[in-house]
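J.: Here is what each chain is made of, one letter per residue.
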Amino acid sequence: MNFITNTAKSALLATIIFWLLNLNQITLSSAFFFIGISLLPIFLCSLITISATIYPIFVIGGKTKLARKKTFKRYFPYYAMVLFSVSIILLSATQFDPFLLSFLTSAFITTSQSWLWFSK
Amino acid sequence: MKHLTLIIAALCFSTLFYQQQIGLNLSLFSIISIGILWWHNKSKFKNQRTIIYATIYLVTAVLVFIHGSALSVFVNLFSFFTLVGSVSSNKNAIYVQWINGLYSVIAGYFQRRFDAPKTTEVSTTKKDIDIIHWIKLIGIPLVFVIIFMLLYKNGNPIFEDLITEINFDFINMQWILLTVLGYFLFNNINQPVTVEPATTLDSNTSNLLIESENTSEEKNKKDNQLGTTLLAFLNVLIIFYIITDATYLLTNIVDTANHLSTQVHNGINALIASIIIAILTILFFFRGDLNFYKKNKTTKQLSYLWIGLNIILIVLISIKNYQYVSAFGFTYKRLGVFAYLLLTFSGLITTFIKVFKIKNLWYLFRINTQVAFAICIMSATVNWDYSITKYNINNAKVLDLNYLIHLKGNNAKLLQTYAVQYKLSDRTTTRINKKWDKHNQELLNRDWQAYSLENFTNMSKSK
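If you're matching them up, the sequences are chains V and P in order. Numbering of the first sequence is given in the numbering used here, commencing with residue 3 and proceeding in unit increments. Numbering of the second sequence is given in the numbering used here, commencing with residue 9 and proceeding in unit increments.
Worth flagging that the hints you see were computed from the coordinates, not collected in a lab. Quick caveat: nothing in here was measured; it's all calculated off a predicted structure. Misleading hints may appear alongside valid ones.
[Said to hold, decoys possible] Straight line, CA to CA, 30 Å or less: simulated DSSO-like cross-link-like pairs of lysine-lysine:
id	chain 1	residue 1	chain 2	residue 2
1	P	Lys341	P	Lys227
2	P	Lys442	V	Lys122
3	P	Lys405	V	Lys75
4	P	Lys99	V	Lys75
5	P	Lys99	V	Lys72
6	P	Lys405	P	Lys365
7	V	Lys75	P	Lys50
8	P	Lys10	V	Lys75
9	V	Lys11	P	Lys99
10	P	Lys54	P	Lys99
11	P	Lys442	V	Lys75
12	P	Lys302	V	Lys71
13	P	Lys99	V	Lys71
14	V	Lys122	P	Lys302
[What the hints assert, rightly or not] In silico negatives: residues of chain V with every beta carbon more than 10 Å from chain P:
id	residue
15	Asn4
16	Ala10
17	Thr17
18	Leu22
19	Ala33
20	Leu42
21	Ile50
22	Pro58
23	Ile59
24	Asp99
25	Phe101
26	Ser114
27	Gln115
28	Leu118
29	Ser121
From the three backbone atoms N, C-alpha and C, an ideal C-beta is built for every residue, glycine too.
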């Protein structure tokens with residue numbers, strides 16, 4: 003899967019997860035407005051995160067299917083564990099701030115899925 | 009059936025943890041986790057090591073219920089990772105099992121999706137298409153209905169009123185999301201995964217050192233000479249230090265807390281540097297072929313001597329810390345010094361075994377992480393707040409009541425008895441009574457999920 007498609011799909015997934023976690027914050031009539039307006043910052047966040055932390059690893063690892071699989075197997079576990087640990091530290095420091103919790107949850111699931119999309 | 013058990017477990021998870029503190033819920037979660045792991049990995053539970061880890065996890069779960077201390081929760085969490093890691097691969101070092109356990113808990117689902125063989129993909133394609141079809145069937149009409157509802161509501165005031173009255177507040181989204189999280193967690197652990205190539209690498213690495221094929225007699229001779237000279241000088245130096253330290257300990261009477269504190273902490277700093285350098289130096293010299301060099305006897309004996317002298321250093325620091333404790337009572341910091349000394353002692357013994365039995369660096373990592381884990385579990389069996397208070401009240405020559413009042417609430421009853429017995433000042437008695445009331449109130453406010461043993465013992469006493 004190419005970089006742009008992956009980022010677009012990741013941004014969409016992140017938006018869905020983020021707003022699912024914040025469903026109580028919005029009303030039915032304002033849902034489309036908020037979800038629509040949040041797409042741009044979420045897309046930018048996804049673009050920056052994927053281009054800075056995931057895509058370079060796959061570029062260095064090689065572009066063949068076998069190389070991509072090897073890259074996932076070798077680096078994803080450590081990526082997931084580091085991301086999880088950093089998230090837990092941030093959440094503890096902010097006493098589990100609800101906004102940060104939803105942001106990090108969507109970031110964790112989205113980046114993990116993005117790794118899978120890149121590897122397949 | 010698999011999904012049904014996971015859904016039931018997820019529902020239990022949200023019932024146990026939704027808006028609750030840690031207590032009985034973590035103990036019950038441990039039992040459910042063991043159940044889920046056993047149900048989906050019955051063959052793995054025939055392994056003795058896995059059974060031991062499951063028992064340890066169960067014991068720590070009971071400890072969480074009994075003490076509810078941060079240490080017992082921490083140990084319970086690590087036991088959980090150890091057990092999950094052991095189910096994923098039980099022939100590895102404990103730190104590899106922690107890594108495997110943590111990875112399985114947080115991302116097992118993604119790894120399994122990656123690992124899914126092609127045949128499975130083909131067989132499940134039909135299922136996947138069905139799911140996508142169902143998502144389309146529900147999702148697309150839903151989006152269109154919402155859009156048209158929003159459009160129509162501007163055209164008719166009665167319809168607008170009806171739409172405005174639609175309220176989803178009855179849905180507890182956070183509870184649902186916690187259930188989803190529980191499902192994700194149990195789904196992750198039901199088939200634990202391994203981190204590769206770390207797991208395979210660890211499985212294939214033995215504890216024994218192997219002599220290299222192109223060993224150089226000349227190089228070994230030079231290393232041996234350097235080792236003998238350096239270790240001889242270091243032994244002389246440490247002997248001199250120990251003699252002066254022992255003399256100081258025997259001839260000086262120390263009576264102030266600051267004096268003792270400076271002594272113990274200076275000693276600890278010296279010990280930290282000494283032990284780390286000692287272990288690193290020994291590891292450097294015995295990293296390779298010097299172990300197999302025929303004339304290495306002197307270097308080995310000097311290493312043993314140095315390890316022995318470092319152990320004497322530990323004993324001296326223990327005496328100082330004991331003096332400190334017997335005069336001014338226990339604190340967490342002073343207990344930490346004893347824990348550190350115990351770990352250092354184990355580090356030295358294992359370094360001795362490494363040199364004596366020609367083991368490699370992995371042996372040291374493996375055995376020392378196991379020892380550290382065992383010490384943590386043993387430490388978690390003690391209710392430290394209560395024990396510190398009891399010891400200090402009965403034995404300390406100078407009692408720091410401020411420190412004891414600031415400890416966790418489960419020492420409140422002891423402090424109250426002490427206040428009545430020794431007729432303390434009104435201010436102190438009020439502070440102790442406030443602590444007791446606050447603690448009891450906190451116990452009363454708990455839901456059953458956050459219960460600890462104290463809810464049954466302390467409350468019945470206060471009645």
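J.: Decide, hint by hint, whether the structure agrees.
T.: A quick look at each hint next to the structure:
1. Lys341/P / Lys227/P: Roughly 46 Å separates the two Cα atoms, so the pair is violated.
2. Lys442/P / Lys122/V: violated (62 Å)
3. Lys405/P / Lys75/V: Violated: Lys405/P and Lys75/V sit about 60 Å apart, past 30 Å.
4. Lys99/P / Lys75/V: holds (20 Å)
5. Lys99/P / Lys72/V: The given pair, whose Cα atoms are some 24 Å apart, holds under the 30 Å limit.
6. Lys405/P / Lys365/P: violated (47 Å)
7. Lys75/V / Lys50/P: holds (27 Å)
8. Lys10/P / Lys75/V: At roughly 26 Å apart (the allowed maximum being 30 Å), Lys75/V and Lys10/P satisfy the hint.
9. Lys11/V / Lys99/P: The given pair, whose Cα atoms are some 40 Å apart, is violated under the 30 Å limit.
10. Lys54/P / Lys99/P: holds (14 Å)
11. Lys442/P / Lys75/V: violated (56 Å)
12. Lys302/P / Lys71/V: violated (48 Å)
13. Lys99/P / Lys71/V: Distance ~26 Å between Lys99/P and Lys71/V Cα, so the pair holds.
14. Lys122/V / Lys302/P: It is violated: about 56 Å lies between the C-alpha atoms, which goes past 30 Å.
15. Asn4: Label holds. Min Cβ-Cβ 19 Å, cutoff 10 Å.
16. Ala10: Its Cβ never comes within 10 Å of chain P, the nearest being 18 Å, so this holds.
17. Thr17: Fine: 14 Å to the nearest Cβ keeps Thr17/V off the interface.
18. Leu22: Per Cβ check, Leu22/V is inside 10 Å of chain P; nearest 7 Å; violated.
19. Ala33: violated (8 Å)
20. Leu42: Since the minimum Cβ distance to chain P is about 20 Å, Leu42/V lies beyond 10 Å and the statement holds.
21. Ile50: holds (21 Å)
22. Pro58: Answer for Pro58/V: holds, closest chain P Cβ roughly 20 Å.
23. Ile59: holds (15 Å)
24. Asp99: Label holds. Min Cβ-Cβ 14 Å, cutoff 10 Å.
25. Phe101: holds (14 Å)
26. Ser114: The assertion about Ser114/V is violated, with a minimum of 5 Å to chain P.
27. Gln115: violated (7 Å)
28. Leu118: violated (6 Å)
29. Ser121: Per Cβ check, Ser121/V is inside 10 Å of chain P; nearest 6 Å; violated.
Violation of the numbered hints given earlier is confined to hints 1, 2, 3, 6, 9, 11, 12, 14, 18, 19, 26, 27, 28 and 29; the remaining hints are satisfied by the structure.
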